[in-house]
Amino acid sequence: MEMELICRESIKPWAPTPSELRIYPLSFIDHIVFRNYVPLLLFYSPNNTSQSEYSKISSLKKSLSQVLCRYYPFAGRFRDQLSIDCNDQGVSLLVTRIKVNLSSILQNPSQSSLNTLFPDELQWKVMDMTSTIVIIQINCFACGGIAIGVCMCHKVGDAATLFNFVNDWATMNRDEGTELAFPVLDAGDSLLPQGDLPIFPESVFGKDDTVCRRFVFEASKIESLKATVSSCNVQNPTRVEVVTALIFKRAVTTLGLSFETTSFRTAVNLRRRMVPPLPDKCVGNMVWFMFVIHPRETELDDLVRKTKEGLTEFCDTYAKKFGGKEKEISFISECLKQASSTAEDGGGDCDEKSESLFIFASWCRFPMYEADFGWGKPIWVTTSGCPTRNGILLMDTRDGDGIEALVNMEEEDMAKFQRDFELLQYASLNPTVELACK
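Counting from 1, one number per residue, gives the positions in the sequence shown under full-length UniProt numbering.
Check each hint, because a few of them may be wrong.
As the list claims (entries may be wrong) - In the DSBU-like style, the derived pairs of lysine-lysine whose C-alpha atoms are separated by at most 35 Å in a straight line are:
id : residue 1 : residue 2
1  : Lys-337   : Lys-62
2  : Lys-62    : Lys-12
3  : Lys-281   : Lys-12
4  : Lys-226   : Lys-249
5  : Lys-125   : Lys-321
6  : Lys-281   : Lys-306
7  : Lys-221   : Lys-249
8  : Lys-281   : Lys-416
9  : Lys-306   : Lys-125
10 : Lys-416   : Lys-221
What the hints assert, rightly or not - Label pairs and their in silico Cβ distance ranges:
id : residue 1 : residue 2 : range
11 : Pro-431   : Ser-231   : 22 to 30 Å
12 : Arg-174   : Phe-421   : 26 to 34 Å
13 : Leu-5     : Leu-82    : 49 to 57 Å
14 : Asn-108   : Asp-209   : 18 to 26 Å
15 : Ala-227   : Glu-4     : 49 to 57 Å
16 : Pro-431   : Ile-329   : 43 to 51 Å
17 : Phe-421   : Ser-10    : 45 to 53 Å
18 : Lys-99    : Ile-199   : 45 to 53 Å
19 : Pro-276   : Gly-177   : 39 to 47 Å
20 : Phe-421   : Leu-5     : 21 to 29 Å
21 : Glu-53    : Ser-231   : 27 to 35 Å
22 : Pro-276   : Glu-121   : 39 to 47 Å
Hints in this document: simulated from the structure, not taken from any laboratory.
These numbers were taken from a predicted model, which means no experiment stands behind them.
Where is the CB? At the ideal position from N, CA and C, for every residue including glycine.
Model the full assembly from the supplied sequences, consistent with the hints where possible.
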C-alpha cells in the first residue's frame, strides 16, 4: 500500500494551561499501569460535502488544539511515575495520503494493512517517559475516505478516557462553539489518591509472539447463545457474558487444555460500580481485573453463571474498598503489589495451580461510533490486536447489537482455534466491512 507523509507537527493547546494546573497527579491505579500506547482506528466513508481535503485537515488541527485545553495533561510530559508536567508541549500529528481507495482496506481487512494507519506503528509499544502522550495520524484515501489512528499512553487513561477524548474532539470539530461537559480530571487523584500508599513498579506488559484474528458475532447469533443460556435458568445473560463464555469454552477445548488448570480474568469498569458512582467522563484508569479461577464447568450456562457470581463478589469487594466510606488502605496496597507483577503470571492474583490464563477486555457499550467530525459517524471502529498470549478484546459492531472479537494466540494455537466448527457456527472470521450502512 503506497503511502505519502504530508506533514508531521506538534499541536499545542489553544490557550496556555494555568500555572496552578501545571502538575497533574496520577491515581494509585494510574501509577502501576504500563506505558503502552492504546490504539484506536476510526474509518469514515467518502461524503458529498464540498469541503476540500486541505480544509478538513486544517479544521481537525484547530479543533484538536481547542480540545487539548480541556485535556491539558495529554499535551504534557511525564515527570515521573506519579505525575505529569502539563507544559503544553503538545501532541504529535501526522497526515498521510494513501493512493488506494478505502474499500480495498476494508475487504477482509488484514492486520498488516491496518497497522500502517497508526502513527509510527506505535500501537501497544512502550513509550519513553519523554515522548508525546498522545499521537495521531490522519490518513486520506484516494476516494475521499479518511481513517484516523489515535495512540494514547495507557498510563493517563483507559478505553473510556480515549473514547471521551476522541468524541469531544469530533464534537468541537463538527460544531465549533458548542457547549461540552468538561472531562473530570481530578476524580482519580481525589477518590483514588496515591497518598501514603507504597510505590510499586509499573506492570510489565508482555509482548508475546502471537497472531491476531478478528471474529464477528452477528446479533442473531448472539441472541441464539443467550436463548441457550437462558433456558438453563440463567437470568438476563448479556452479550459480553455469552460471547466470553463461548470463546473461553472453545479455546480450552480446541487447545487441549483442562478447565481445572485454566483461568480467565476480565477487566471491569469501576466508574458506575463505585459508591457513589463516578461520572462517565472521569479521566484516568478506572478499571481493575476480576478473576474467574478454575471454573471447572464446561457448559455455557455454568460459565456465564460463574462470571455473574464473580462480578457480584468483585463489586462487593473491590469497588467498595477502593474508595468511599469502606476504603481500606491495606487492601489497596496488597492489590497494587499483586498487580505490579508481570502480565505473564496473571498479575500475581491468579491461583498458582493455573497453567493457562485467558485475559478478556470489553469495549462494548462505550460510545465507539459517536465520533462525528462533520462527515457522518464512522463506518468502522477497530484497534490493533494486543500482543499478549490468549488476550481477547471485545468491541461493538456498527449496529451496536453484535460483537467483534480480536483474539490473540500463538500461531499454532490459532490454527486450531480459527477452524473450530462450534465457534464458527456463531462467528464469522474476518468478514469484509461494508462501506455503506444497511
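Each hint tested on the structure:
Restraint check for Lys-337 and Lys-62: the C-alpha separation of about 43 Å exceeds 35 Å, so the hint is violated. Pair hint Lys-62 plus Lys-12 holds up; C-alpha atoms about 10 Å apart against a cutoff of 35 Å. About 22 Å separates the Cα atoms of Lys-281 and Lys-12, which keeps this hinted pair within 35 Å; it holds. A C-alpha spacing of about 15 Å is found between Lys-226 and Lys-249, which places the hinted pair at or below 35 Å, so the restraint holds.
Using a Cα cut-off of 35 Å, the hinted pair Lys-125 and Lys-321 holds, with the two alpha carbons roughly 32 Å apart. Between the alpha carbons of Lys-281 and Lys-306 the distance comes to roughly 30 Å, so the proposed pair stays at or under 35 Å and holds. Under the criterion of a C-alpha separation no larger than 35 Å, the hint pairing Lys-221 with Lys-249 is consistent with the structure, at around 16 Å. Distance check on the hinted pair: Lys-281 and Lys-416 sit about 41 Å apart at the alpha-carbon level, beyond 35 Å; violated.
In summary, the hint linking Lys-306 to Lys-125 is supported, as the alpha carbons are separated by about 34 Å, within the 35 Å threshold. Taking the CA atoms of Lys-416 and Lys-221, the gap is near 22 Å; set against the 35 Å cutoff, the hint holds. The hinted window of 22 to 30 Å between Pro-431 and Ser-231 holds, with their beta carbons roughly 29 Å apart. Separation of Arg-174 from Phe-421 is about 46 Å and departs from the stated range, judged on CB atoms against 26 to 34 Å.
A hinted range of 49 to 57 Å is violated for the C-beta pair Leu-5 and Leu-82, which are about 36 Å apart. Checked against the hint of 18 to 26 Å, the pair Asn-108 and Asp-209 passes, with Cβ atoms roughly 23 Å apart. Ala-227 and Glu-4 have their C-beta atoms about 51 Å apart, which keeps the hinted 49 to 57 Å range intact. For the pair Pro-431 and Ile-329, the beta carbons lie near 49 Å from each other, so the given range of 43 to 51 Å is met.
Against the hinted window of 45 to 53 Å, the Cβ-Cβ separation of Phe-421 and Ser-10 comes to about 52 Å, which satisfies the hint. As the Cβ distance of Lys-99 to Ile-199 is approximately 49 Å, the hint placing it in 45 to 53 Å holds. Between Pro-276 and Gly-177, the C-beta spacing of about 33 Å breaks the proposed range 39 to 47 Å. The beta-carbon spacing between Phe-421 and Leu-5, approximately 45 Å, falls outside the hinted interval of 21 to 29 Å.
Between Glu-53 and Ser-231 the beta carbon distance is about 54 Å. The supplied range of 27 to 35 Å is therefore violated. Checked against the hint of 39 to 47 Å, the pair Pro-276 and Glu-121 passes, with Cβ atoms roughly 42 Å apart.
Taken one by one, the earlier hints fail for this structure at numbers 1, 8, 12, 13, 19, 20 and 21, listed in ascending order.
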